[in-house]
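Undergrad: Chains as they are written, first to last, in my numbering: chain A, 1 to 216; chain B, 1 to 312.
Bear in mind the hints are in silico, worked out from the structure with no lab data behind them.
Quick reminder that beta carbons are idealized off the backbone N, C-alpha and C, glycines included.
Misleading hints may appear alongside valid ones.
[Said to hold, decoys possible] Derived contacts from chain B toward chain A, CB cut-off under 10 Å, selection only: (1) Pro-33; (2) Val-35; (3) Arg-37; (4) Leu-62; (5) Ser-111; (6) Gly-112; (7) His-114; (8) Phe-117; (9) Asp-128; (10) Thr-137; (11) Pro-177; (12) Ala-180; (13) Lys-182; (14) Pro-245; (15) Ser-253; (16) Pro-308.
If you want the building blocks of each chain, they are given just below.
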Amino acid sequence: MIRSITQKKSDEEIDHLLEGLDRIFIIGCGTCATLTHTGGLAEVEAMGENLSGKGKLVTGEMVLPVACDNMAADILREWSEKMNQADALLIMSCAFGVQSIAQQTSKMVVPALDTLFIGKQTGAGQFDEICTQCGTCILGETGGICPVTSCHKGLVNGPCGGTNNGKCEIDNNKDCAWTLIYNRLKDLGRLDSMRKLQAPRNHQREPSPGKYILPF
Amino acid sequence: MSETKTPSKLEKILSSGQLAVTSECGPPRGSDPEVIRKKAQMIKDHVDAINITDNQTSVTRLCSLAACIHLKLMGLEPVLQMVVRDRNRIALQSDILGAASFDIHNILCLSGDHQKFGDNPQGQNVFDIDSMQLIQTVRLMRDEGKFLGGDDIARPPKMFVGAAANPFADPFEIRVPRLAKKVAAGAEFIQTQCIYNVDRFKEWLKGVVDRGLHEKVYILAGVTPFKSAGMAKYMKNRVPGMDVPDELVKRMSGVPKEKQPEEGLSICVETIEQLKEVEGVSGFHIMAIEWEEKVPEIVERSGLYPRPSVGE
Numbered sequence: 001m002i003r004s005i006t007q008k009k010s011d012e013e014i015d016h017l018l019e020g021l022d023r024i025f026i027i028g029c030g031t032c033a034t035l036t037h038t039g040g041l042a043e044v045e046a047m048g049e050n051l052s053g054k055g056k057l058v059t060g061e062m063v064l065p066v067a068c069d070n071m072a073a074d075i076l077r078e079w080s081e082k083m084n085q086a087d088a089l090l091i092m093s094c095a096f097g098v099q100s101i102a103q104q105t106s107k108m109v110v111p112a113l114d115t116l117f118i119g120k121q122t123g124a125g126q127f128d129e130i131c132t133q134c135g136t137c138i139l140g141e142t143g144g145i146c147p148v149t150s151c152h153k154g155l156v157n158g159p160c161g162g163t164n165n166g167k168c169e170i171d172n173n174k175d176c177a178w179t180l181i182y183n184r185l186k187d188l189g190r191l192d193s194m195r196k197l198q199a200p201r202n203h204q205r206e207p208s209p210g211k212y213i214l215p216f
Numbered sequence: 001m002s003e004t005k006t007p008s009k010l011e012k013i014l015s016s017g018q019l020a021v022t023s024e025c026g027p028p029r030g031s032d033p034e035v036i037r038k039k040a041q042m043i044k045d046h047v048d049a050i051n052i053t054d055n056q057t058s059v060t061r062l063c064s065l066a067a068c069i070h071l072k073l074m075g076l077e078p079v080l081q082m083v084v085r086d087r088n089r090i091a092l093q094s095d096i097l098g099a100a101s102f103d104i105h106n107i108l109c110l111s112g113d114h115q116k117f118g119d120n121p122q123g124q125n126v127f128d129i130d131s132m133q134l135i136q137t138v139r140l141m142r143d144e145g146k147f148l149g150g151d152d153i154a155r156p157p158k159m160f161v162g163a164a165a166n167p168f169a170d171p172f173e174i175r176v177p178r179l180a181k182k183v184a185a186g187a188e189f190i191q192t193q194c195i196y197n198v199d200r201f202k203e204w205l206k207g208v209v210d211r212g213l214h215e216k217v218y219i220l221a222g223v224t225p226f227k228s229a230g231m232a233k234y235m236k237n238r239v240p241g242m243d244v245p246d247e248l249v250k251r252m253s254g255v256p257k258e259k260q261p262e263e264g265l266s267i268c269v270e271t272i273e274q275l276k277e278v279e280g281v282s283g284f285h286i287m288a289i290e291w292e293e294k295v296p297e298i299v300e301r302s303g304l305y306p307r308p309s310v311g312e
């Protein structure tokens, strides 16, 4: 399943963002941020204690089932009294959640997390970015492995000279995407695909910020 | 490959069938043009063309284009190194035209080291196009007089187009096909990664010759002299895609520190000697990193001096 991968901001940064804001309402997310242990119930409670210890008044804390879902508005309405007592909402979800909540309330929102990437869980406690939504998918010619995302240079015409025993020269924890692609295409008997000269990417296939309207 | 397509002196020498010698100068981390002139002065009589590196290892330096212009003003033959890490396709094409306006006739198309290794690891890389596509771009601009966008170029660039090849990176078996792809993209000369494992290089070269690629592209074998045993160890252990055999590290470590530079130069000369007659080698690219003053000695001891003169 697609997951939004987040990391908690440093206490210093959160303190800075909350300067002059004394009454805080904390919102977590029961989906991705719970999975990554960045904005689940336990983290929300710990944040509440931390802020109380620093002299803030926590007017309430709760965990939305899915912070980025528009249905969150209905749930937040039930908490409106405690939310209205707060100077700001501290949101422990990814930036999708932060922005969804910002659209649904008139309160100031402060993110407690940084959103690193949209990825998927590939092992216990391990998440990988496998698609950057480039708009021009070449997976059909790369054995189902995306070099645009998985190569640090996004090379689409084969590996650079820095392959390091199957790993990327810039990070031993990351596989060389092109080694994976080569092995896969070899198994499939499709190495010819690597000979094809891929043309420069069309970055305007869906210009950022993307917007799509169903053609009904 | 005997017909030349550009006014490049490097192309002329290669097409005449003589072994070419190129070397390179890294621009300074400042704006003093004397640094680049001094380095060029040291080597100018011993090489046919001088590469200027483009923010190598992602460390910010004086730009390759400006440094190439300094060489051009000295009457020398620059090879403009261009990486796709820092500029999008507009800026790359623009710089190619800028170089062409100074009649810079050689370009080396590279991906570029990842910015993680440099002085701005937090910077954003570009990689709008890759090195393969840059080769195609220069050929399109030169041969068809067109921009990537399809419009005509007034006074198209006349550049001899080069690329890099690393015969040693893994997986080894894709290294010849990768060269074939660069040739298909339009590369006319190749400068290789530093060669220390001569046997491995010959194995790669055999694959190149078996496919007839040496008849479509000039291969300049890359060499870098070790300055010390420490450098040999560093190259072996710390530089990905570098193949330094244990016996070379032992050989460097086996001589006293003050004699190590001499030993490193000897290894370099021996490597050239071993490859001079090998089918598929069209010349040498000597990368004496911050040791440019030793290039003349390497060239002379390798029997590659004097350099040929070619008519304009």
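Undergrad: Does each hint hold? Answer for all of them.
TA: Okay, the hints, checked on the actual structure:
{"no.": "1", "hint": "Pro-33", "result": "31 Å, violated"}
{"no.": "2", "hint": "Val-35", "result": "28 Å, violated"}
{"no.": "3", "hint": "Arg-37", "result": "31 Å, violated"}
{"no.": "4", "hint": "Leu-62", "result": "24 Å, violated"}
{"no.": "5", "hint": "Ser-111", "result": "5 Å, holds"}
{"no.": "6", "hint": "Gly-112", "result": "8 Å, holds"}
{"no.": "7", "hint": "His-114", "result": "5 Å, holds"}
{"no.": "8", "hint": "Phe-117", "result": "7 Å, holds"}
{"no.": "9", "hint": "Asp-128", "result": "7 Å, holds"}
{"no.": "10", "hint": "Thr-137", "result": "8 Å, holds"}
{"no.": "11", "hint": "Pro-177", "result": "7 Å, holds"}
{"no.": "12", "hint": "Ala-180", "result": "8 Å, holds"}
{"no.": "13", "hint": "Lys-182", "result": "9 Å, holds"}
{"no.": "14", "hint": "Pro-245", "result": "17 Å, violated"}
{"no.": "15", "hint": "Ser-253", "result": "24 Å, violated"}
{"no.": "16", "hint": "Pro-308", "result": "30 Å, violated"}
Violated hints, listed in ascending order, are 1, 2, 3, 4, 14, 15 and 16; each of the other numbered hints is respected by the structure.
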